[in-house]
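Position 308 of the sequence shown, counting from 1, maps to 307 under numbering that gives the first Met the number 0, and the rest follow consecutively.
Hints are not guaranteed to be accurate.
[What the hints assert, rightly or not] Pairwise CB distance ranges, derived in the manner of DEER restraints:
no. : residue 1 : residue 2 : range
1   : Asp165    : Glu219    : 51 to 57 Å
2   : Asp165    : Pro220    : 52 to 58 Å
3   : Gly118    : Gly248    : 26 to 32 Å
4   : Leu49     : Pro164    : 18 to 24 Å
5   : Phe282    : Thr191    : 45 to 51 Å
6   : Tyr226    : Ala156    : 38 to 44 Å
7   : Pro264    : Gly217    : 35 to 41 Å
8   : Pro96     : Lys52     : 14 to 20 Å
9   : Ser139    : Glu73     : 43 to 49 Å
10  : Glu241    : Leu97     : 40 to 46 Å
11  : Lys52     : Tyr226    : 58 to 64 Å
12  : Ala160    : Thr254    : 31 to 37 Å
In case anyone wonders, no lab produced these hints; they're calculated from the structure. All of these numbers come straight from a predicted model, not from anything done at the bench. Quick reminder that beta carbons are idealized off the backbone N, C-alpha and C, glycines included.
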Amino acid sequence: MSGRDGGGCFTAVAVVLGIAVVALGAALLYLVLAGDVSSSRQGEPQRQELVAKAFSEYTWDELAQVADLIGSAETDDAAREVATSYNLSVGDVRPLPLDNGITAQLTIVGIYHDERTDGAGKAGLTLMTSPIALRAMSSSGTNAGGWESSELRAWLAGEGADLLPDELASAIVPVSKLTNNVGVTADVASVTQTSDALWLFSASEVCGQVSWFTDEYGTEPNAHTGYVDFKRYDALLSAEGEQYEYFSGAGVTATSDPGNVLALPYGGSTVAWWYRTAYPYSFTGEDASYFYQVMASGYPGTTGLASEPAGIVVGLCL
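Model the full structure from these sequences, guided by the hints.
Given below as C-alpha cells:
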C-alpha cells in the first residue's frame with residue numbers, strides 16, 4: 000500500500016513538472032509568434048519617426064508619409080502649417096532619375112490642391128516633372144475625345160509610369176482632372192472629369208484665366224469673324240482646373256511668363272511641351288488636329304499638331 004502511495008506522489012510531481020514545461024514552451028512559442036505577427040503586420044522594416052529635412056533629402060517613402068499628413072489636415076491653412084513643419088514649400092526642387100537614363104527635375108507646384116479620386120480628400124502634394132520624353136499626343140493626328148481618348152494618356156498610364164523610380168510610382172495617388180474631353184466644341188459642359196495618376200497640365204492650371212480667343216478675335220460677334228461668340232471658347236479653356244500656386248506666384252498668365260519658369264529643358268535644350276487642353280475651334284470642319292502647348296521659349300500659349308512630338312511634362316500627386 001505504501002509503495003503505491005509513494006508512486007502516486009511521484010507521478011503527481013511528474014505531471015506538475017510536465018505542465019510547467021508545456022506552459023513554458025507555449026509562452027516561448029507565443030513570444031516567437033508574436034514577433035512574427037508584428038513583423039508581418041508591417042510587411043516591411045518598421046518606419047522610423049519622420050524628421051524634417053530638405054525636399055531633396057527625403058526618401059520617396061518618407062515624402063509620401065509627409066504628404067499623407069498634409070492631406071489629412073482639415074483646412075488649407077492647417078495643411079500648409081504641416082508642410083512648413085517638414086521644410087516643404089511650393090517651388091522646392093529635386094532631381095528625378097528616370098529609367099531611360101535621363102535625370103529630370105521635380106518641383107512642388109501645389110499643396111493641398113487636388114482631389115483624390117479614392118474619396119480620401121485632398122492630395123498633400125502636387126509635383127511637376129521637367130520633360131521626361133518627347134512624344135506625339137495621338138499618332139492619328141486628331142484631338143477628338145480630347146485628353147481622355149489620347150494615346151499619350153494611355154502611354155503615361157503604362158510605359159511612362161515605368162520610367163519612374165518604383166518607390167515613387169507606388170506612392171502616387173490618382174486625382175480628378177477636369178478637361179474638355181470632346182475636342183472641337185464651344186460647350187463648357189464638354190469639360191468632364193478623369194481619374195489620373197500621371198497627367199499633363201491644362202492651360203488653366205498653368206495660366207489661370209485664359210483669353211486667347213477674345214484677345215485675337217474680340218469680345219463681340221461680328222461679320223469679320225462670322226458672328227462667332229469667341230468668349231465661349233475662352234470660358235471652355237478656363238474651366239479645366241484652377242491655377243497652381245507655383246505658376247501664380249511666378250506671375251504666369253495666358254500671355255506672359257515673367258519668372259521664366261515655363262522654359263523647361265530636355266536633352267540639353269528647352270523644348271515645347273504639351274498641355275492636355277485640346278484646341279476647341281475648327282476653321283474648316285476638318286482640322287480638329289491640335290492641342291495647346293507651351294513654346295520652347297516659355298511663352299505660355301501656342302498650338303501643335305497632335306501627331307507631332309513635343310515634351311511630356313508630367314503632373315503627379317502624393
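Verification of the supplied hints:
1. Asp165 <-> Glu219: 51 to 57 Å: Given range 51 to 57 Å: holds, Cβ gap about 55 Å.
2. Asp165 <-> Pro220: 52 to 58 Å: With a Cβ separation near 54 Å, Asp165 and Pro220 satisfy 52 to 58 Å, so the hint holds.
3. Gly118 <-> Gly248: 26 to 32 Å: holds, 30 Å
4. Leu49 <-> Pro164: 18 to 24 Å: holds, 19 Å
5. Phe282 <-> Thr191: 45 to 51 Å: Distance hint for Phe282, Thr191 is violated at roughly 25 Å.
6. Tyr226 <-> Ala156: 38 to 44 Å: holds, 42 Å
7. Pro264 <-> Gly217: 35 to 41 Å: For Pro264 and Gly217 the Cβ distance comes to about 37 Å; the hint holds.
8. Pro96 <-> Lys52: 14 to 20 Å: Taking Cβ atoms as reference, Pro96 and Lys52 lie about 19 Å apart, which means the hint holds.
9. Ser139 <-> Glu73: 43 to 49 Å: Distance hint for Ser139, Glu73 holds at roughly 46 Å.
10. Glu241 <-> Leu97: 40 to 46 Å: violated, 29 Å
11. Lys52 <-> Tyr226: 58 to 64 Å: holds, 60 Å
12. Ala160 <-> Thr254: 31 to 37 Å: holds, 34 Å
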